[in-house]
Amino acid sequence: MLRIPCPYCGPRDEAEFNYGGPTHITRPQLSATDTEWSHYLYFRENPKGLYRERWLHFAGCGQWFNVLRDTVTHEIHQAYPMGASGE
Amino acid sequence: MSAPGPYRLSTARQDERLDFSFDGRKFYGVHGDTVASALLANGVRIVSRSFKFHRPRGIFSAGYEEPNAIVQLHSGAEVIPGERAPLVPLIPGLQVSSRVGWPSRSFDLLRAIDYVHPIFAAGFYNKTFIWPSWHLYEGWIRKLAGLGHAPTGPDPDRYDTCHAHCDVLVIGGGEAGLAAAVSAGSAGQRVLLVEQSNELGTNTQRLRELAQVTVLTRAMAVIYYDHDLVALTQKVSPTLSGESANGALPRERLWLVRTGRVILATGGIEQPLIFCNNDRPGIMLAGAAGQYLRRHAVAPGREVVIATNNDTAYPIACELREAGVDVTALVDAREEVPSHLAAELRALRVPIHFSTMPVDTHGFSGLKSVSLGTLNNRDQVTAVSTLPCDALLVSGGWSPALHLFAQAGGKLSFSELTRTFQPVAPHPSIEIVGDAASPPSGAGAIRVSPVGSAARQWIDLRHDVTVADIELSVRENFVAVEHIKRYTTLGMSMDQGKIGQAPATEVIAKARGMAPSQLAHTTFRPPFVPVTLGTMVGRNVGDFYAPTRRTPLHAIQAEAGALFDDFGSWRRAAAFPHPGESRDAAVHREIKLVRAGVGLYDASPLGKIELIGPDALDFADRFYINNLMTLKAGRVRYGLMLRESGVIFDDGTVTLLDEDRVLLTTTSGGAGRVAQWLEEWRQCEWPNSRVVVAPVTEQWASVALTGQHARKILERLQPECSVSNEDFPHLEFRKTRVLGSEARIYRVSFSGELTYEINVFSHKAPALWAALLEEGREFGIGPYGVDALLQLRMEKGFLHLGADTDGTTVPDDVGFGKPAAAKQRHYIGKRSLSLPENVRPDRLQLVGLRGARTAGIPIGSHLRLPDSGQATDGWVTSTGLCSADGMPVALALLRAGRQQTDKVTTVHDEGRVVTTARVVSRVFYDEPGARMNA
Amino acid sequence: MLIMQRYSLLKVLGHGLRRNRDWGPAWRSPALKKSYDIVVIGGGGHGLATAYFLARKHGVRSVALLERGHIGQGNSGRNTQVTRSNYFYPVSSSFFDHSLQLYEGLGRELNFNVMLRQDGMIVLAHSLHELEGTRRWANAIRMNGVDAEILSEAEIRRQVPILNSRPRFPIVGGLMQRRAGISRHDATVWGFARGASDYGADLIQNCEVTGFRKSGGRVIGVETSAGVVNCGRVVMSVSNHCSVLARLAGFDLPISTMTLQAMVTEPIEPILDPCVISGLIHAYVSQSDRGEIVIGGAADVFTSYRQRGSFHVTRGILAAALELFPSFSRLKLMRQWAGAVDITPDTSPIMGLTPVQGLYINCGWGTGGYKAIPAGGDTMAHTAVYDKPHPLIASFDLARFERGALIDEGAAAGVAH
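Residue numbers (our numbering), protein chains in the order written: chain A, 1 to 87; chain B, 88 to 1021; chain C, 1022 to 1438.
In case anyone wonders, no lab produced these hints; they're calculated from the structure. Some hints here could point you the wrong way.
[Unchecked claim] Sample of chain C residues at the chain B side, in silico, Cβ under 7 angstroms:
#1 Tyr1110
#2 Arg1156
#3 Ile1289
#4 Ala1340
Glycine is no exception: its CB is placed at the ideal position from the N, C-alpha and C atoms.
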């Protein structure tokens, strides 16, 4: 069970969070082709390694935030507020 | 008076005896015994039968690694099918069974299989039993295995869960563990020390002085999770079940410990020597024999031979001799040993033979003698002699218990120096100390006998896997360690192969012609030892499996005879049957009541979310297919919400309560989902939107007063606002007061009748409900439930999400294509509506069906159009009887539905055509909507 | 061209008399050649079945199967062995029932006992509303020509007497597919491996594909840890690593890799014949031929390649299993493990052509790939030979996502597949 460092509440058990998938989402323009639009809807990076994703601390502060995590080792490198760039 | 058991070396009084039974026969043990020590003391040699060959087996070890003595305790609902006898504390009256042997454990006819054992080598069932079908054989193969009983009823015990945090988790309370705990505790760290047995060893004085150190006894660490979370199981009730302690104590407790770091002081697991017939009753690990002697004053036999390849057996030999046990010889596979060890033993007159190891044993029902082979310097056997004995203690070296290290992701490899597994690299959070770090010395000599039939040399006692099975596996090209394990089933049983890991690796390496250190190590799967399922689950059982959500009107409805059912996560009144009335009859009556008179409905579970702020309406408008920007204050509009893929996500009403306050209603099951959805977009995509999302579902109860008499009844409650049709038309909202409390009244109708949804604060709801029933009495008012409402709305063609829609339905499928296309402003999902799949003309579209008088249209039945080339053309999503004429009607999703009007479909249910139905408009009742607007 | 020995009871007896010394390898371990007609990447059940059908059905023997570890080490060796074909949509139904029919004859076809036991699968419904959806599903299955029936609560309890007699959520009925059941996953893998090898395919273990060689949009070879292999066609049959491999080939996939846990209890006497699954009380429970109770449930829903599960998910799955079968509470959990599953947006697989000519893909099986192994191999072999998707898999193409044409079994049937 991951120990997720909520930027507002501190480290808490994974069971207190909901997963939101990829973060830093840029949507294509509405004028995008069907191919581009469906690519945005369905295709995923699914990296074996570092991944930027979003989590919701539903059992705590109720805030969404970003996490940089290794999908192989589960090591969490960074947790930063939604809207921040994380660089 | 000698203590219970011919092999007991001490005495005890009569009143210290504990009685227990094993396979129906009564025995006596003493307080402090385990089932294993009591059986040994009583000279019970055969405790079980081996899995495949039904060979007699005896107690082999003194701990969790026990492969043979796995017994069943109790019976009936309290039965515990598989417990390791060395770990079961003896309690008076304990019922123990072996569960094997036909007709009995001591005399098992199925041992005949042993005489044709080569047929049953590894993998034999893959090569046969194919014809005519596996099913024929599988039944009796399962029965022959002689497995434990399953409990016959629910678990009478309960299991607790505790959480703990510490800086250092020390696993193992032996010498090394104690020292580590003292050291960390003295440095001011919070320490949790976990020990498997009842109490710690010696020298606990210093430990007790450290306030920061907590000790858990009767506890074992079993699973290592991410980020240094470790699960421990702890036996709590002093007896085997909580029942005996008046249920005051849980039977077991699960600890979830989040720690800064872990110190593994888990010691080692003694490994056996491998030789022909190394599985007879009477053969036991030397360390185990030492424990039985020390803790229970039990001797392993009357004529004991000890065979070893390392130093640790020597002190045990001395102990046994000093206790008066006849140790006829100690044989050591090595050429020489440290002189002090030999000297001590010689002083006790125990003969020692070097360069000697067992090569075979004899004795049909148990050990009678051992054949010893003399080894030359090339590990070949040059001479064999035989010694009579009834106990053979074997010591083949020690394997460190590093399973938790491996579970944590640590890699292990076989070291040719220590002849056992070592970490390849340290783990950042785990320190290994004591015997687990450096196993007790001297496993430098041969472990596996070089002579004799490999098919009679056991590697895995529990699953009856021999050296021959491993060799066969390699011969058949199942060479990867994982393949060998699965092909032979090595290590896949209850003992998880703990004894035999090291010899197995050496045997596999030899069969493959490799060095053991070159082999990939097989994964250690959690848990370290088997864990009771009840312990894993804790208190989330029975009524606590899932929360029950009740509306504020639950009690008052129950009094009225409501029949409750589960609707999503809510417990709701499905109907209100009169005494003796069936659910169906009640529903029919309630429908008539609402259509012809007036009814009362509890709409409280409907999701309610307030959006508050200057951007509230603008924010809401981004989510619905409907144009909300034209919504005026006090007006209500029905809307559909989509996912980004264009699929319908939820539906409900949008009300502009006032200029910076919007109320959304959602489906009762979707309230949480929608709130989280809105919040995600607000926080992540539109953080500059000046709006707050406030779920208020539980705050407001909602009572729907429904029917032509609704207005008259509401007037009697004297609401502060006017409720005439001119002053308060359909699809409007009024904030007012009723019965002295704040109320929000919405004129919306799901049933198609004149309806006022009266919202008051939850705690005021029962009074409102009672008042409405009272005031409506002269109009014949009565409550109605969800079943009736779903049918009422069906006649109006109103959507019931999840029935009329599924996870693929888009707005156009259910008749909302025009508004969805017309809205200029982008909303979530709009872009996807033009994807090719979503505009296909032959999509499933919602239509109405009229059936024949002779048969209803069954829910979930499928439809076929005339000249259809498809397996199915759609299915019935809602069904009922038309109020107007009593004919069966339904809603259905039908291929290209809107083009099929007037076509007749066949209706298929459970493999037959049950009726036909004509495709019609989906509104069966009051199409103009006059009644709602009255 | 059968070079290996045939298995039979007589052979087992005969070899037994000779102390089993003369059994030969179940499959060959040849050296990797420099070129093949077709390379299959992935030594799980699907890849092995593909190699088998290529050789057996289409006579294509110049086939190399490349597996980076040992065969069957992935999800083929970790699943809960449920074998069934109770799917909602006609395209899914046809495919999965083709697979189940192949399973029914597989022991004889492969001359290897895959130990198929067809004692049925029951999907429980816990409310009238849920039962309505179950009826729709049962009828969908029947309209597809596959067996399914609705059972009443009484009938279910007769077949599964150990079901909770006082459940938190009542059991109001359910759906039964009688032909569903359990088989032995390792046996299926090994049976196909032996068959493929017998018919001439080279099974190469410990060989990892590290890149693709292309020319003008067409695949001409693969780069591996053991050197370059030239080939005209490649079937990519890996599960959780499909995104990684696809990226090496130059395209993306709609896949998220997640953890799926499974666990077994200690073995006990036979007490459960059919498999039982509930959507609401989410777990699936069966009893293996070794007597262990086998339990699975929801996935750990975040992207992960670690193949370890979280505690609260394990607890949730076991809590559901105990809610269905409270008498299991005193049994012991013997072993728990996990695999990494490749989840698609519609929980239906991705099979057929890719943007790279000559490169075919078979992935996205998520939590339901084991039962599909025979049909997966059969259809992918056909696809690779004819450079056209087999009719049974045409709807599962990668391009369906561009059209928005998802085949959402989970949405239709309401139960995770």
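Hints versus structure:
| no. | hint | in the structure |
| --- | --- | --- |
| 1 | Tyr1110 | violated (9 angstroms) |
| 2 | Arg1156 | holds (3 angstroms) |
| 3 | Ile1289 | holds (5 angstroms) |
| 4 | Ala1340 | holds (5 angstroms) |
Hint compliance for this structure: hint 1 alone is broken.
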